[in-house]
Amino acid sequence: MNALDVSRWQFGITTVYHFIFVPLTIGLAPLVAIMQTVWVATGNTAWYRMTKFFGKIFLINFAIGVATGIVQEFQFGMNWSEYSRFVGDVFGAPLAMEGLVAFFLESTFIGLWIFGWTRLPKLLHLAAIWIVAIAVNLSAFFIITANSFMQHPVGTRYNPETKRAELANIWELFGNNTGIAAFWHAVTAAFLVAGTFVAAVCAWWMVRSKDAPEARTMYRPGTILGCWVVMVASAGLVATGDVQGKLMFHQQPMKMAAAESLCHTEFEPNFSILSVGTHNNCDSITHVIEVPYVLPFLAKGQFTDVTLQGAKDLQVQYEQQFGPGWYIPNLFVTYWAFRAMIGLMAIPMLFALAALWLTRRGRVTGNRWFARAAVWTIPTPFLAAIAGWVFTEMGRQPWAVHPNPDGDPMIRLTVGQGVSTHGPALVWVSLVSFTLVYAVLAVIWFYLVRRYVTAGPQEHDAEPTAAKPPSDDDLAPLSFAY
Amino acid sequence: MGLQDFWFLTVAVLFLGFFVLEGFDFGVGMLMGPLGRRSAESDGTTAAPALEANRRAVLNTIGPVWDGNEVWLITAGGAMFAAFPHWYATVFSTLYLPLLAILLAMIARIVAIEWRGKIDDPQWRHWCDIGIAVGSWLPAFLWGVAFANLVRGLPIGPDKNVVGLSITDVLNPYTLLGGLATCSLFLFHGSVFIALKTGGAVRRNAIAAAGRLGIPATVLVAAFGLWTQLAHGNASTWPVVVVAVAAQLTATALARNGSREGWAFLCTTVVVAAVVVLLFASLYPNLVPSTLDPAYSLTIHNASSSHYTLTVLTWAALICTPVVLGYQAWTYWVFRKRIWAESIPPPIGLSHRRSH
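Just so you know, the protein sequences line up as chains S and V, in that order. In terms of my numbering, the first sequence opens at residue 90 and continues consecutively. In terms of my numbering, the second sequence opens at residue 34 and continues consecutively.
Hint data in this document are derived by calculation from the structure and do not stem from the laboratory. From the three backbone atoms N, C-alpha and C, an ideal C-beta is built for every residue, glycine too. Treat each hint with caution, since some may be false.
Listing some non-contacts, in silico: residues in chain V with all C-beta distances to chain S over 10 Å [unchecked claim]:
{"hint": "1", "residue": "Leu36"}
{"hint": "2", "residue": "Asp38"}
{"hint": "3", "residue": "Val53"}
{"hint": "4", "residue": "Gly96"}
{"hint": "5", "residue": "Pro97"}
{"hint": "6", "residue": "Pro155"}
{"hint": "7", "residue": "Thr201"}
{"hint": "8", "residue": "Thr251"}
{"hint": "9", "residue": "Ala264"}
{"hint": "10", "residue": "Ala280"}
{"hint": "11", "residue": "Thr342"}
Covered stretches of chain V, going by a simulated chain S footprint (3 or more residues, C-beta under 8 Å) [stated by the list, open to error]:
{"hint": "12", "region": "80-93"}
{"hint": "13", "region": "220-232"}
{"hint": "14", "region": "252-261"}
{"hint": "15", "region": "359-373"}
{"hint": "16", "region": "376-383"}
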């Protein structure tokens with residue numbers, strides 16, 4: 090492998106790792122905030138215990154999300170320095186603002202929330218977790234704005250003197266239709282992840298403690314909260330995904346063709362659910378199961394009269410437009426990641442429907458199969474979210490910045506043009522280091538989350554302590570310490 | 034002052050904030066082990082719970098704030114990228130291995146601090162303590178190396194990329210001295226911070242540690258400061274060197290005197306700030322001088338973003354920075370109380386295995 094391949098593997102691996110933890114952080118922060126709000130508003134201790142229970146898991150997860158996030162910012166300079174030179178004038182601004190606006194908020198107020206249980210008045214402490222919840226979602230907005238510039242560059246012009254992309258209008262950059270759609274899609278995906286997590290963990294505990302009062306006072310309400318988040322998030326994902334499909338049809342036809350492994354331009358093509366063949370040779374593919382009307386609707390919102398361009402025809406067209414090169418992404422990965430995303434997303438939805446049915450009108454359930462299903466549902470939205478990113482990023486290849494069909498055609502860059510001029514050996518060192526360290530950390534993260542989930546809400550969490558200002562007594566025990 | 038000058042200043046201020054704040058965080062991480070042990074011993078015990086309470090007292094001085102302190106680095110990196118893309122691209126791709134080491138160390142430190150108390154087990158804590166120590170020592174040293182490198186210059190060619198980088202371009206007596214200077218300075222700064230933030234045996238031992246660390250830190254910082262001044266400085270940076278050395282001597286005297294931690298901390302803060310000012314003022318108007326040909330140097334003019342981008346960033350910075358400073362300062366006010374080993378609550382982590 091050359092330095093480009095190694096760098097791409099490194100970026101892919103570190104990003105996928107990072108995005109195991111990020112959606113749980115983004116979705117769980119508001120859910121913990123809601124739990125704490127219910128406790129503050131009603132004084133119901135069950136919600137206090139849930140806040141603490143999920144709060145601890147949130148913090149375990151938050152730490153590794155932050156740790157793997159710093160790498161992301163550094164990598165653009167370390168491994169993609171030519172990309173950074175070309176787009177820095179545009180791409181750097183949302184990154185800097187992410188730090189200035191979102192990271193400062195979340196990291197400062199998370200400290201206040203962790204250590205402030207008895208130092209801050211109740212409402213101020215509640216505000217701290219809400220600020221964290223808003224800040225993590227704000228950071229999603231900034232980073233997805235940056236990413237969407239790579240998918241669909243807007244608000245930018247090419248400066249022939251400096252030979253780079255330069256920002257022309259920051260509001261156009263923030264208002265990028267691809268960015269707005271991707272932001273809501275990613276945020277609803279994060280809510281799907283966290284909603285599933287809360288629903289499944291509470292459902293598992295409800296079954297385990299069927300005859301204890303907690304099943305009714307704590308785990309049933311927790312399950313229902315999680316399930317409704319899943320239902321709303323699923324609807325949101327379908328709606329935002331639909332918007333994205335229509336944008337992609339126009340903005341990135343090659344990605345659309347790759348999503349279908351469609352070789353040749355077709356009029357009113359069918360959506361294939363299952364196909365066999367060597368995908369990267371799209372001519373060899375046999376479609377096994379196909380559904381009509383879906384694709385035209387996905388692309389243009391109509392059931393008929395839509396022509397979908399094929400990868401090979403687009404390749405010919407791009408060669409004329411952008412010069413010699415290979416413009417077809419990895420069809421196998423793109424095709425299957427797209428289907429994995431949709432298929433895996435359906436599982437939490439079905440689980441939520443089942444859970445809402447089993448808990449209808451005050452019921453609690455002790456069904457062990459249901460508890461088992463709950464546990465197996467937890468990873469599916471994580472995998473769906475990752476599959477979604479793999480689809481959208483791999484489908485953009487070979488572009489780092491995909492040309493905008495309605496914009497300045499000079500604003501484009503392939504990954505090959507963007508990579509730093511390192512030898513492969515150097516990048517191997519970092520690829521291996523990151524992969525090993527991340528693998529170890531992922532194992533520890535999994536162990537910790539599992540340990541805290543299976544331990545359940547703790548006894549020492551049962552009694553909320555009254556908020557009081559720092560006393561003059563120096564030796565008064567701290568309410569929390571590392 | 035042009036926008037480029039303003040953003041050079043802003044990046045300098047962000048790194049200044051990072052080194053002042055994260056400087057004592059690193060110091061706390063480096064001192065947590067030895068200071069915890071000494072404090073317990075000075076109370077006449079080496080029992081595990083006493084050792085642990087003292088270690089935790091040290092760690093909790095930065096408990097609520099270290100995460101926010103680290104964001105100064107992330108924002109500084111983002112500001113470099115946004116305001117001077119060529120600076121960011123050249124430096125980050127050239128100092129690849131030092132930055133990789135810093136990243137791995139910081140990852141270890143973040144998860145070790147957050148996860149340490151999650152499992153109540155001596156072996157678990159031991160591994161986390163190693164993570165915190167490595168994650169503090171390594172960056173404390175390597176940031177000095179990295180910044181000395183910037184001031185000394187890199188073999189930058191005509192296309193703003195480094196050509197033919199050899200190991201001695203990165204590791205040489207000057208940059209290694211830079212690493213030792215920041216490392217010893219952060220140790221000293223951290224010990225004074227712990228003395229300011231704790232009570233009881235931990236405080237007494239932190240004061241003693243500060244007394245011992247003051248003179249070596251003074252020697253290393255003064256040597257690095259003078260070398261920087263003589264090799265790369267200019268007339269305007271002499272006062273900075275003088276301020277740094279004077280503040281460092283005052284801090285050392287106060288530390289050895291064993292009182293007035295607040296003033297001592299103010300002094301070490303001034304030293305860290307003065308070192309950062311010295312480094313950036315020596316660079317200006319360069320960002321990275323080229324060791325091949327001064328004409329190839331990255332400057333605030335040839336490496337910067339466009340006027341429009343800098344204007345947008347300026348607005349963002351002017352609106353956000355006062356707010357950030359306000360709530361970060363407020364956090365320090367909320368957690369202003371001194372921490373005693375005696376006030377550390379019992380561990381609330383779960384046992385290693387499920388017990389029932």
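Okay, the hints, checked on the actual structure:
Every Cβ of chain S is farther than 10 Å from the Cβ of Leu36 (chain V); the closest lies at roughly 13 Å, confirming the non-interface assignment. Once the 10 Å rule is applied to beta carbons, Asp38 (chain V) is consistent with being away from chain S; the minimum gap is 17 Å. The beta carbon of Val53 (chain V) is kept farther than 10 Å from every beta carbon of chain S, the shortest such distance being approximately 15 Å. Listed as a non-interface residue, Gly96 (chain V) fails to keep its Cβ farther than 10 Å from every Cβ of chain S; the least gap is roughly 5 Å.
Annotated as non-interface, Pro97 (chain V) brings its C-beta within 10 Å of a C-beta of chain S; the closest such distance is 4 Å. Its beta-carbon lying about 16 Å from the closest one in chain S, Pro155 (chain V) satisfies the requirement of being farther than 10 Å from that chain. Under the 10 Å C-beta cut-off, the non-interface status given to Thr201 (chain V) relative to chain S holds; the minimum distance is some 17 Å. Every CB of chain S is more than 10 Å from the CB of Thr251 (chain V) (nearest about 32 Å), matching its label as outside the interface.
Interface exclusion of Ala264 (chain V) from chain S stands, the closest Cβ pair being 27 Å apart, more than 10 Å. Every beta carbon of chain S lies more than 10 Å from that of Ala280 (chain V), the smallest distance being close to 28 Å; the non-interface claim holds. Not every Cβ of chain S is farther than 10 Å from the Cβ of Thr342 (chain V); the closest lies at roughly 5 Å, contradicting the non-interface assignment. Beta-carbon proximity to chain S at under 8 Å applies to 3 residues in the region 80-93 of chain V; the threshold of 3 is reached and the given coverage holds.
With 1 residues having a beta carbon nearer than 8 Å to a beta carbon of chain S, the region 220-232 of chain V misses the requirement of three or more and the stated coverage is violated. Residues of the region 252-261 of chain V lying with their CB closer than 8 Å to a CB of chain S number 0, which falls below the three-residue condition for coverage. Remark: the region 359-373 of chain V is confirmed as covered by chain S, as 10 of its residues place a Cβ nearer than 8 Å to a Cβ of that chain, reaching the required three. As drawn, the region 376-383 of chain V meets chain S at 5 residues by the rule of a beta-carbon pair under 8 Å; at three or more, the given contact holds.
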